[in-house]
Amino acid sequence: MNHVPAPGFRAGLCFTLLAMVAACSTTPERIPELEQARAAVQELEREPKVQQAASETLGKARAALNRADTALEDGELALVTHEAYLARRQAEIGMQLTAEAEALEALEEAEKRRNELRLEARSREAEQAQMLARQRAAEAEQNAREAALSQSVAAAALDEADRLADELDEMEAEQTERGIVLTLSDVLFDTDEAELREGAMRAMDRLAEYMASNPKRELLIEGHTDSTGSEEYNRELAAERASAVADALLQRGIERSRLRTVGLGEAYPVATNDTAAGRQENRRVEIVVSDPNGQFPAAAEERVTSR
Amino acid sequence: MHGTGKRNTVSCERSAGSIVAVTAIGLFGITGCASTGERPDAALATAQANIQQAQQAGANEHAAQPLSSAREKLAAAEAAVARDEMLVAEHLAAEAALDAELAGAMTRNRKTQLAVEELNDTIEVLREELARGQSSMGEMQ
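Line by line, the protein sequences give chains F and R.
Taken in order, the first sequence gives residues 1 to 307; the numbers are from my numbering.
Taken in order, the second sequence gives residues 1 to 141; the numbers are from my numbering.
The set of hints was computed from the structure by calculation and includes no laboratory data.
If you're wondering where the values come from, they're calculated on a predicted model, not measured in any experiment.
Just so it is clear, CB atoms sit at the ideal spot from N, CA and C, and this is done for glycine as well.
Any given hint could be a false lead.
Between beta-carbon pairs, the in silico distance windows are [stated by the list, open to error]: (1) R:E72 to F:S55: 57 to 63 Å; (2) R:V125 to F:V153: 52 to 58 Å; (3) F:S55 to R:D84: 24 to 30 Å; (4) F:A137 to R:G133: 18 to 24 Å; (5) R:E124 to F:Q151: 35 to 41 Å; (6) R:Q65 to F:Q42: 30 to 36 Å; (7) F:S55 to R:A64: 24 to 30 Å; (8) F:S55 to R:G37: 29 to 35 Å; (9) F:E108 to R:G133: 34 to 40 Å; (10) F:D69 to R:Q56: 34 to 40 Å; (11) F:S55 to R:V125: 35 to 41 Å; (12) F:R46 to R:E124: 28 to 34 Å; (13) F:T70 to R:E128: 20 to 26 Å.
I would like the entire structure built from these sequences, with the hints used as guidance.
Written as C-alpha cells, this is what we have:
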C-alpha cells in the first residue's frame, strides 16, 4: 500500500492548495454582519455599567469580533458570519446585563425609599396615637378639674355647714345629699309642745342673721317625731313644730316666701324608736338650707313632695 | 492506518507519503469548513442547558424571539450532526447557546424592570396614604 508519489505530482498538489487559499482571500472587505457586530460591541463599550456588570461578556464579544476579523483576513467567509453573529449576541447579552444592573440599582433605591415611607407612616401613626393620647389626657385632666371643682364646691358647702354650725351653736349642721341640714333637737321644745324653749331663741337669732346676710337662700323646715302615738298626731305635732320655727324666723324679719314647712311625722327616723334616747333623737326639726340661688337638691324636694 | 487530516497539520513540506491523507485535506478545503471533525457534544449540551435555563427563567413570556431562535438553531445543529456536518453543527450549537443566553439575560432584566415598576407603584400608594394621613392629621389638630 505504501507507494511514493512522483515529485511532480506532489508539487502540483501543493500549488493547488496555495491557489485555493489565495482564491479565498479575494473576498469583499466589508461584510454587513461584521459591521453590525462591531457597532453592537462599540455600543456595549459605551455603556457606563459595562465594566461593573458585563466585563467578561464584553471580553467574549471582542474576542469573537477579533476572530471574525481574522477569518475575514483568511477569507473564510462562513466563519466571519458565524463569529460576527457570536460577537453581536455577546454584545446584546452585555447590554441586557448592564440594563439589569441599572434596574437592580433602581430597585435598591426604591426599596430604600419604600422603607423610609413605611417608617414615616409608622411614626405618623405613632404621632397620631400620641396626639389621641394627649387629647384623652387633656379630656381626663378637664374631667379631673371639673371633679376637683365640684369637690371644692362640695368642700365649700361643707365649710358653709361648719360655719353655720358655729354660728348656730345650738344646732347641728351637716352636709347631706339634701344640702346643708340643721337639726333642732327635741330638747329645744317642751314635751308634746310646739313651743320653742328659751334656749332655741339664740339659735333663731343666729339663723335669722344668716338668712338676712344670704338673702337668696331659702329654708325647708321639716318636723319629725318618734313613733309614739298615732301617726296623725305625730304629723300634726311635727307640722306645728316646723311652723313654730318658721314663726320665730318671721318674727325676726325673714320673708315668708323664703320659708316652707312640712310635718313629716315619724316617717324619717334617724335612730331607733325602741329606746328613750333613740326616740329623743327622732323628735327633731330639720332645717334644710338652699344653695345661694334658692335652689334645693332634688333629694330634698323629693322628700317633701313625696308626701 | 492514515490519520485523518487536520488543517493545522497541512504542510507542503510534509514528507509523509500519503496521497490519501493529502487528498482528504484537499477535500476538506474544498467543502470549506463544512464538514468532518468530531461530534460537537459539548456545544450541543451547552445549547440545550442554556435553553432549559432560559425557559425556566420564563423566557417563553419575556424573550420569545431569541428563545425560539435558539431552539431552531439547536434543531438545525442536530440535523447537521445527522448529515455528518460536524463543524456546521458546532457553529449552529454555539449560536443557539448564545441565543438562549440572551433570552435568559433578557428575561432576568425584564423581571427586574417589572419589580422596579411594582415597587414604584407601592411607593406611590404609600405616598398617597401619607398625604391623606397628613390632611386627616390636620383635621385632628
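Consistency of beta-carbon spacing, Q42 of chain F to Q65 of chain R, with hint 30 to 36 Å
23 Å, violated
In this structure, is the beta-carbon distance linking D69 of chain F and Q56 of chain R contained in 34 to 40 Å?
36 Å, holds
Confirm or reject the claim that S55 of chain F and G37 of chain R have a C-beta distance inside 29 to 35 Å.
32 Å, holds
Is it true that the C-beta distance of S55 of chain F to A64 of chain R lies inside 24 to 30 Å, as the hint says?
29 Å, holds
So does S55 of chain F sit 35 to 41 Å from V125 of chain R, Cβ to Cβ?
38 Å, holds
Could you see if the CB distance from E124 of chain R to Q151 of chain F stays within 35 to 41 Å?
55 Å, violated
Range first: 34 to 40 Å. Now tell me if the beta carbons of E108 of chain F and G133 of chain R are that far apart.
26 Å, violated
Cβ separation of E72 of chain R and S55 of chain F, checked against the hinted range 57 to 63 Å
Taking Cβ atoms as reference, E72 of chain R and S55 of chain F lie about 30 Å apart, which means the hint is violated.
Is 52 to 58 Å right for how far apart the beta carbons of V125 of chain R and V153 of chain F are?
At 55 Å between Cβs, range holds.
Between S55 of chain F and D84 of chain R, does the beta-carbon spacing fit 24 to 30 Å?
Taking Cβ atoms as reference, S55 of chain F and D84 of chain R lie about 39 Å apart, which means the hint is violated.
Quick one: are R46 of chain F and E124 of chain R within 28 to 34 Å, going by C-beta?
33 Å, holds
Confirm or reject the claim that A137 of chain F and G133 of chain R have a C-beta distance inside 18 to 24 Å.
22 Å, holds
Consistency with the previously given hints fails for numbers 1, 3, 5, 6, 9, 13, ordered from lowest to highest.
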